[in-house]
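Q: The residues making up each chain are set out below.
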Amino acid sequence: MAEDLQTRFLRLHMAHQKALFAYLLGAVRDFGRAEDLLQQVTLVLWKKFGQYRETSPYLPWAFGVARREVAHYYRERGRRGPTLPLEVLEDVARVLEEERLPEEGSALSGCLEKLQPDQRELLRLRYEEGVSLRALAERLGQSLAAVNMKLVRIRRLLLDCTAQGRLEA
Amino acid sequence: MSADDRFYERAALYLEGEASEADVDALAGRLREDAETRRVFARLLDQHAGLRWIHAGPAFPAALPPRREWKGAAVAAGLALAALTAWAALRSERTVGTLESIGPEVVVERDGRPIEASSPLRAGDRVRTGAAGAVSLRLASESATLRLREESSLEVKSASRFELERGTLVAEVAPRARSLAVDSPHAAVEVLGTEFVLAVGPRATEVSVRSGRVRLVRKRDGAAIEVAAGHRAVVGTGADLAAHPLRPPENLLRNGGFETGTPEGWDDRDAIYSPGAAVGREFAAAGGFGAGIVPRGGIGQKFPTRPGRTYYVSFRLRVERERRRPSWGGIRVMAFRGEDDRRFVQIAASPFVTLPPALHDGSDYLAARAGEWRRVRFSFIAAGDSTILRCSHFTDGEIEASADDFVVSEEPQPE
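Sequences listed follow chains A and B, in order. Each residue of the first sequence is one higher than the one before, counting from 3 in my numbering. Each residue of the second sequence is one higher than the one before, counting from 85 in my numbering.
Okay, chain B solo, but in the shape it has when bound:
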């Protein structure tokens, strides 16, 4: 690679934020020494800015009308005001994201007035939830989903910056997301690819990180720390700015790990298939006991939920053997509406788990090697005041499996 080629490669990595220290030092050295290199880099920066404006709109109107069209100070001032307004409008017109799973008591305001909650959101919009409200905001870039809980207020500052004015927000951010920041009155949280929960009270902000990491900046003095997965930190009156290990989220299930040595809390009545689960030491992933799932069997548990709230499910599964290879289905964990447990109205489900190879491509099927424990997770939005979680043998084959460590929580479990 020639020196020129190396320069272009380094310059491109720099513009993408992917250059190493050594690359940046080398680039800086060349830029200091050589006027032609500075000229080329300037053209690259100009091109980079120009490409952004061509594709996403300029930050400011490109030109004023010729001077001969200005007919006085009043008109000129009007044009200036129009230009500044147009600038603000161009910045704010881009869709930031859309709301999904819009529960009751969700209000969206634009310029101080309520708008249709299903409208694409822009910078400056504000989303509020009432005592029974919950809603998800999916960013247009598909880099994150922000779930707002009850009694919360979120202002959209820009496509990558939000302010949680009060309440609780659960964020799921893809690692590829380059920049996302959520502020509170007390702190600034910079997201580095993560799942986290932000809770804002009158005097303090707490961030709990489930995966990835965030950078937390205390607004009053600029002090900052990084909070890694499995940790939490508080910014506020009397709190030291330090990360502490997270407490495990509360498990809404009783006896989720079968450590009573019995199926206590679990209902092995299954309206579709014959009862089929045994609790024993041979089925344990951790602790003393686990549950064995036999062909055409399953277990389930009903627990209270709040409509519109997101819940996170985690469990471990081990396929022992397939007595008869299925053509469809497998072992599956499903969430049903709890109000009428005879109707089995499914809300969400895990993939079907079988031995390899997976029966079909796609996320609906998961292949697990025989005898190997797999952690499986999914989330659901509760449809009513109670939900049933059921682990079933749901297939035309015959599979023997063990299941353990069932957790349903209101926050993502740490990895």
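Looking at chain A on its own, in the form it has when it is part of the complex:
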């Protein structure tokens, strides 16, 4: 039986929503703001889904909607610090679609297990509790640059692991 509109939307949107979220994170850099925006973008995409031509790729169309919502968000609430131009973010986000990154995403959980406990705790503070880099530096009694470099090292380890399936110290 042919899919109805809701089911088609869900199937397409769920397959691409992480790329959208990554794009929104790149634009607003704040989890709460990005999640609020993703919710808003999803609602707009659903409302406009009747206009979407399924012969065209979904993500570029979704990015068009997301870009307008981000621009509207900036107008209403302003930007928090310097931001990459949206067209640069879209070029980057297209890579999320074109590359086989969903496979890396599923490997990420396994790679987290290979980190040291203090590294996992740093990630938990940052990503579960949402403690900012500045607050982390305050808590740990270290400079912002030092904590940033710790996160850089962790992220590079995880990139290597998800790409290659092993962790190189």
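No wet-lab data here; the hints were simulated from the structure. All figures in this text were calculated on a predicted structure; none of them were measured in a lab. Treat the hints with care, as some may be off.
Quick list of in silico lysine-lysine cross-link-like pairs, BS3-like style, CA-CA up to 30 angstroms [unchecked claim]: (1) Lys49(A) x Lys303(B); (2) Lys50(A) x Lys386(B); (3) Lys50(A) x Lys303(B); (4) Lys386(B) x Lys303(B); (5) Lys49(A) x Lys241(B); (6) Lys152(A) x Lys116(A).
Here are the simulated distance ranges between beta carbons [unchecked claim]: (7) Glu189(B) x Gln53(A): 44 to 54 angstroms; (8) Arg77(A) x Gly345(B): 55 to 65 angstroms; (9) Glu117(B) x Pro62(A): 21 to 31 angstroms.
Where a beta carbon is used, it is the ideal one built from N, C-alpha and C, also for glycine.
Mind docking chain B on chain A? Use the hints.
A: Quick look at chain B alone, frame taken from chain A:
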């Protein structure tokens, strides 16, 4: 540092919102020019999103069941509805914060129904206070405390966004808080690490900033201003969108700065220690007069309060000398329940102040250099219709000190 190392460092700072203009320009340049850099940055963004979802839950269910399990349009529509509901539930299930100091006439609603006020709050919950109500909301991230006064209604939109539908809210937000926004029907207030008061009436919203700053956006046309510490602004009918200096909050104490040249308003009767405070010019921090606190002495004043409301205390203290070095205690300012001033039921207190070094580690002791004025602040939640503030020599040592500029107010004093 190699160019690659510099890129990773800049990219990380960018994701954390800490990159400079120069960093962002350099990053944008590299991303425009080099496909491999774009690929790496895309993987970092994807990883950043993935780490968030692993730790805090995905924004949307990850997958639908395989198509062969769909048995018709009705089932598919049901699944879609379930998926959308599950999505909303995942977003809303995270605890935003908990209520503390729950006074009378406090109601919490979820999906239109009252729930236990002590329940962890989620997005979509609404907190209401009645004519005698007051309550504090401490965010789960520990980045802010929002104190709701009487006749107020606050909707929790998300972990970082709230709407004050009516009434008054006093916010204390840590500078490290990255994003917190409180909306009203007329304005959007973005918090940048601050203490502020938001008052919402039928036609206007007023924000008063005590420390830090906020960004205030007028909803009807998107016009925005930044309001810095010591200033206020109003959004509403007939009001220009501009910041004006704050009036000092009303001091609930009489003669808090001793400028009458007497202890008028202050009671030097002390049920525990012998009376001991003198008013004179030699004890002044500002103005003409201050109070001298002698060993085993103290002064106090009773003033009216509303139960459940938060009050902010500020005073200045100068330790002159220690005739005998204490092993515990010091000069302390305390708030007591006012109903029975013989029982001295303490609600809150400042640290013990002595000369250096502090007698103990921790926030209960403050060391002040001899002859140096220190501003000391604390807050308390009133337990009754009156409260007594008492500045006492509370120690086994003997300390000579001066005290001045006592303020008790319903709003934090500007820094």
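Q: Which numbered hints turn out to be false for this structure?
A: Numbers 2 and 4, in rising order.
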